[in-house]
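From first to last, the protein sequence lines are chains A and G. Mapping of the first sequence onto numbering that gives the first Met the number 0: position 41 corresponds to residue 40, and the numbering continues sequentially without gaps. Mapping of the second sequence onto numbering that gives the first Met the number 0: position 68 corresponds to residue 67, and the numbering continues sequentially without gaps.
It should be emphasised that the hints constitute simulated quantities derived from the structure, not laboratory data. Heads up, the beta-carbon is just placed ideally off N, CA and C, and yes, glycines get one too. Treat the hints with caution; some may be incorrect.
FRET-style restraints, in silico, Cβ to Cβ [what the hints assert, rightly or not]:
no.: 1; chain 1: G; residue 1: 122; chain 2: A; residue 2: 777; range: 14 to 22 Å
no.: 2; chain 1: G; residue 1: 397; chain 2: A; residue 2: 393; range: 52 to 60 Å
no.: 3; chain 1: A; residue 1: 291; chain 2: G; residue 2: 323; range: 31 to 39 Å
no.: 4; chain 1: A; residue 1: 287; chain 2: G; residue 2: 376; range: 53 to 61 Å
Under the rule of at most 25 Å between Cα atoms (straight-line distance), these lysine to any residue pairs were calculated in the SDA-like manner [claimed, not checked]:
no.: 5; chain 1: G; residue 1: 267; chain 2: A; residue 2: 543
no.: 6; chain 1: A; residue 1: 774; chain 2: G; residue 2: 175
no.: 7; chain 1: G; residue 1: 32; chain 2: A; residue 2: 774
no.: 8; chain 1: G; residue 1: 439; chain 2: A; residue 2: 266
no.: 9; chain 1: A; residue 1: 770; chain 2: G; residue 2: 390
no.: 10; chain 1: G; residue 1: 173; chain 2: A; residue 2: 648
no.: 11; chain 1: G; residue 1: 173; chain 2: A; residue 2: 657
no.: 12; chain 1: G; residue 1: 32; chain 2: A; residue 2: 561
no.: 13; chain 1: G; residue 1: 32; chain 2: A; residue 2: 537
no.: 14; chain 1: G; residue 1: 32; chain 2: A; residue 2: 605
no.: 15; chain 1: A; residue 1: 367; chain 2: A; residue 2: 54
no.: 16; chain 1: A; residue 1: 817; chain 2: G; residue 2: 86
no.: 17; chain 1: G; residue 1: 439; chain 2: A; residue 2: 829
no.: 18; chain 1: A; residue 1: 774; chain 2: G; residue 2: 178
no.: 19; chain 1: G; residue 1: 32; chain 2: A; residue 2: 54
no.: 20; chain 1: A; residue 1: 817; chain 2: G; residue 2: 466
To spell it out: a stretch of chain A is covered by chain G in this simulated footprint if at least three of its residues, at any positions, have a beta carbon under 8 Å from a beta carbon of chain G; those stretches are [said to hold, decoys possible]:
no.: 21; stretch: 60 to 68
no.: 22; stretch: 373 to 385
no.: 23; stretch: 479 to 488
no.: 24; stretch: 560 to 567
no.: 25; stretch: 643 to 654
no.: 26; stretch: 658 to 667
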Amino acid sequence: MKKFKLFITLSLLIVSYLGFAQDVTITGNVSDDNSLALPGATIIVEGTSNGVTSDFDGNYTISASVGDVLVFSFVGFDSKSVTIGNSTKINVQLNSSNELEEVVVTGITSRDRRRLTSSAVVVGAELIEGVALSSPDQALSGRVAGLRVVTTSGTPGAPTDIRIRGEGSISGSNRPLFVIDGVPVNNGSISPLLTDMGILSMINASDIESITVLKDASATAPYGARGSNGVIVITTKTGSAGEVQYNLTTQYGFQNYAIDDRPMLTGEQRLELGAETLINSYGWSKAQSTTYALANFAGAAAWDAGGRVDGNWEELVRVKDAPYQSYDLSASGGSAQENFRLSVGYKSTDGTSIGTNFESVTGTFTYKRKSGRVDITTSNRVSNAIQNGIHEGSSYFGAPQMTRLFMSPFQQPKNPDGSWNINLSTSVFNTPYLAEMNIQRNDGTRALSNTTVTYRITDDIKFSTRYAIDFTLGVSHEYRNPHHGDGAGSNGTSYQNTNRAFTWSSTNTLDYNKTINDVHNISALVQQEFQKNKNTFNSSGGQNVAADGLYYVNSFGTNQSAGGGFSDWKSLSYLGLLNYTYADKYVADFSYKYEGSSRFAAGYRFGNFWSAGLAWNIHKENWLEGSNIVNNLKFRASIGQTGSNSVGLNQYQSLFGYSASYDDNGAIFPSSFGNLLLSWEKQTLYDIGLDFTILDNRITGSVGYYNRQTNDLLQSVPLSTTSGHSSQTQNVGEVENKGIEIELSADVVKWGDFTWNIYSNYATNDNEVTKLAQKADGSDINLDGFYQRTRVGEPLNVWYIRGWAGVNADTGRAMYYKGGATDPSMEIVNSYSAASQMVQGNRMPDYSGGLGTRLTYKGFYLDANLYFQGGNKIFERWNWYTHSSNLLSTRYYQGSQDLLARWQKPGDVTNVPKMEWTTSTASTGSGTTSRFLYDGDYVRLRDVVVGYNLPQKWIEKAGLDAVGLTLRGLNLFTWVKDDNLKVDPEVRNNGSWEIYTPILKSVSVGVNLKF
Amino acid sequence: MKNIYKYLLLFVATALIVSCNEEDLEPTLAQDKDLATGINSAADLASVLNSAYDRMTSSGHWGRNTIIMGDVRTDNAYSNMNSGRFAASNMDHTAQGYGPWATIYGVIAITNIVIGADGASLTGSQAAISHTQGQAYALRALAHFDLLRMYGQHFITGQGGAGSLGVPYVKTYKNPDNLTPARDTVGSNVGDITADITTAISMMSASLDSSPAYMTVAGAYAIGARALLYAGSVDSGLYSTAGTMAKWVIDNSGKTPVSAAGFNASFKTDYASNAIFELSFTGTDNRGINGVAYILRGTSYGDVRILTGDATASSNLDLLDIADAADVRFAANMIGTAQGYPTVLGKYPTMNGSDNITLFRIEEMHLIYAEAMLRGGDAATAKTYLNNIPAIRGLGADYYASATLDNILLERRKEFYFEGMRYDDLLRMGKGMPLIDALKQMNDDKTGSPPAYGDYNTAYPIGTGELNANPNMVENYGY
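Build out the structure end to end from the sequences listed, making use of the hints.
Okay, here's the thing in structure tokens:
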């Protein structure tokens, strides 16, 4: 019976639509509640795609029929409907909305926030532009509760690494899924050689409309298979109706190391400490020791003879005030039927490490056309980025940042005649020379294309089909000169690699949206998606170049080698979504996804993922409606199951690999142990929260609790290596992440044109491994490493190193805690080998958040944003060289000035042991111990921007629509809790400080013109 | 018009939905093949065994470390820490483990795949299949011998000699019942090595022997000779078998010691006349900066140098002290300087490591036979075979007046310095590591004396990872 009624209603609608086609032309004006013209307001004939937008003075003209309803709408204002009667002139005043009827883009649907059962956080374009130095996702730092962004290196173009709500996987990926305009895309990096370039750095921040971060079950479960680490949905800008508007933004700035507080020994200090090793170890006199050191330590004699001038390596490897600039031009416009946006962008950044820079160009074109019941949208973007990188990430002799820490000041960078000195008497290379001579370049091209055709079968039912392409071409070239450095041994080397990744996806969606009797709203969606990725790579290399000035493999004729390969993956999924809302009060949300992946064996490929969510808009209840105290109050809860397939390709199979050779003959080897039972890593998520807006819309916020239970982990379980394999991937183990998330925003002062807003977010993360793989005897297979361990009952990868007990004031030798794997003993022992590893703290922060403020007055605004995190410990691994009280710091490499505090005589109370003649780090106190483990708590002034939008009357004469000026500072100030931590606390997710270009601070000015 | 859109869309959608099913998710295997169906012929089997040789050439094993660790811990060499490598020369091993444990078991896994293959079901010559499987037995014996001498507890004080812990002798690949094996005793390991050598010899045929870059019948005998001479230190009854095997190689292999004039060239030449078994390295397949030549004299990687001492301060002689002026083995083309340090030049001549590395050469068999004869009471034969080596090196016919263990040890040091044998030679003769120069050796205990015979740290520790994954594994004494 209901169906019959529905059918009748639909039929009548169609008949009525056909019956009253008497065209009239309506004109009028749209204004706001202060009677100011509203340009760009949308006027649509209800139930049709017939619509226009108001012009700059708020005027419009539209063809319609008598009896049609015109709907006037504008962002931030309540819509108004007017039925066309006799008058052909309709002027409308729109009132600014009391409630923010925010539409949230989840990548699959767009939904009114009131109808969501999750806590999606949206970061708008104004917070993304300008902040994103090399990758747009950097702008998320400090903006979203529970999301941490780690900039992996200060080298321009370096990728970022994001964690949402901690880490749930031991061996698999903990990175969120990136979705651009509804399509999951590749993230990661192009890094066939020793430098990384993030793929996201090839998306121009100025083309991004918003970034939505999905964390809850009901939001991430629709991404089923790949949603378990959270989803970052990037929505790009599209055209808008109206006259063509041009937007030009330029930015120019300078960059420096954000933190740089690690002075190294001068030549004199080095000589003094070096001589002291002989005095302490062999009882030599100071004169005898100094003479010996000058005569025997590499470079010391020449340094002495040359007047003791230190090599200024640190200055040479650093670029001070490295400039960066960006120019973005876009044009957009159209009518209600069609619109477009196109943009071009150029960005150029010099790095703060010598020899690095990054340059990118992007072009985009978006076009939308409505034609009857068919909507066609196409969005296309192509970019090319070139990164001149460096060796980094470890103590590579050719890494400039390694030179900074390891180069002896006795070594002179230049010869007396001013040429580079490449006959150094040390292993460390002359990296300023290498920066001049060598090439290390990543050249990436990325194309994204997304075309959707939507057919509105009825006003309630839409069918759409989408075809999307994601293509990445990574070309790398490395040239090492024949004179000095890594290429010297083979008279020059050259490598050229090409990686091609092509992904296409096809998506078919049937969408149903219906409001019945004004109270029942039903949104349902059925979607099928097939995604296929193929990768090919070619690599080549050669040695022995004939002459300088030749850089490519063809000119390196000796020992030429080549490699190549192919891999692919596919996924197929079916999705169903159902959202029911009663009177916008009660919301029920369900999703079900059935997804299969080629990464698993037949029979284990498909997984079921689902979610259920409930929300109650309490403020819609009669007893709260209209309240000025509580404007908005929503209780929400969701539960669901998501998954992860982040396991290497073909890991389920027991395979022979053919990539080896012996004696120029092929060699076949077993490449994987295999596990035919391998299937999805699963995760059950629970969320409960309260969203509110109170005190006359002055304070908005949300409080939530989450619990992520990751189980059937795709864990690389260690095997006894007597099997010939080190591990087998199994679905085993459980990890729990839980915590609270708070977001708050308060308009503290709203006084005429002056507003002052404070916003903040805070999240905790409590991580615990609850189950691991077990041995046959039922005991756990503990994952104990040299630095970290993973055991049941502890967080993932806690620090597991020996305990440092300081320096014995009588002997000057290092002391340790005896330690132990369980119940560590705090007894003091005198040798490294007598001490055992013990748990020393957490690698991951247990709290993080942001705090910001925004002041606006007329055209001025000031926005400042702090990011903070803590509860973790940071390990400074390379201190085992730079803080060694022995020959490594004084003879072979270089030491920190912290060593000046070394023990010298009985009674000295210090944390630095006495200098000794050895290269053993373990015996002189710089072995791996908690001596170099520091508190990771810090607060960073992420972003400060002062802006001014010039008054309209000033710029009108110049024919401009808007002019904005900004002055911006990034990472200008950092407070670090631990005084002994001299390096940047923003370390990679493994918790160790490593040798990368330090994180940057920058100051820039920007100009934005609209015309 | 509208209908056309509608039908077009429906058609596209239906076509896509219908066309996708589980088979579409079958991944492409473009570079790999399924294990169960990967071996079909004699050639396939030989290709699998190639990866055992390939794994032996890794930097962690014979490509560098196994050779260097055989000398850098002794009176022949030390690490000057130029690139921070081989700090382990001070034997400061922690319980994290050390040495090529996993690499060698990787070699063993390959040999077990070959041995476990059903030869009768493969296409190709059955004789060739048998020969390949015989090679696998010999390599399996060599691999276990290498493990035994690095991890076995036989020389550690109080551990029980032949009855002490050896290593797990793994004879199957992916056998579910043997994925976490316990350690066998040293005696049991020696028995298994002997058995594998015997099997190898019986399955192989000299007529099918390829170049010395592959295992041969003579190679199998040579492995047996070296392993059993070593094992004689815990079971003296094995010396005579070692002698018999060495003598078989001398008499039947057709290999001859290289002449004095050809000594230097023999290291540059692949398949020299004295080579019984060598590992192949080429211009495109070499360890480069992670190879032996670089660690001996690379400008940035040259960490391992000849250990020279102050002759007046030490009764222990360094490598240069024992050289006769006329000895070609110490000539300027063999030993020189690099970056100002005395360095070995001739044995690993090409910097990029494209020279083959000889693991077994005929000269060793002469000295094994001499030692076996001496220990068996035949000093006269021993003297003959001992003097064969200095004679062909141009030092005269009767260089040594008598065959003593000290003279044999001395001659082995001169002949095989920097070939990875010195460490085992000292230990199996019951000697600790001699002190040459405390400043260079930088021994960690600060007593100024290097590890003595019987010290716990003369054996590598078993790694924590292995102990965690294998409930039946036992850590070495002292770690």
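Query raised in the report: Okay, which hints does this one fail, numbers in order?
Result: 1, 7, 9, 19, 21 and 22
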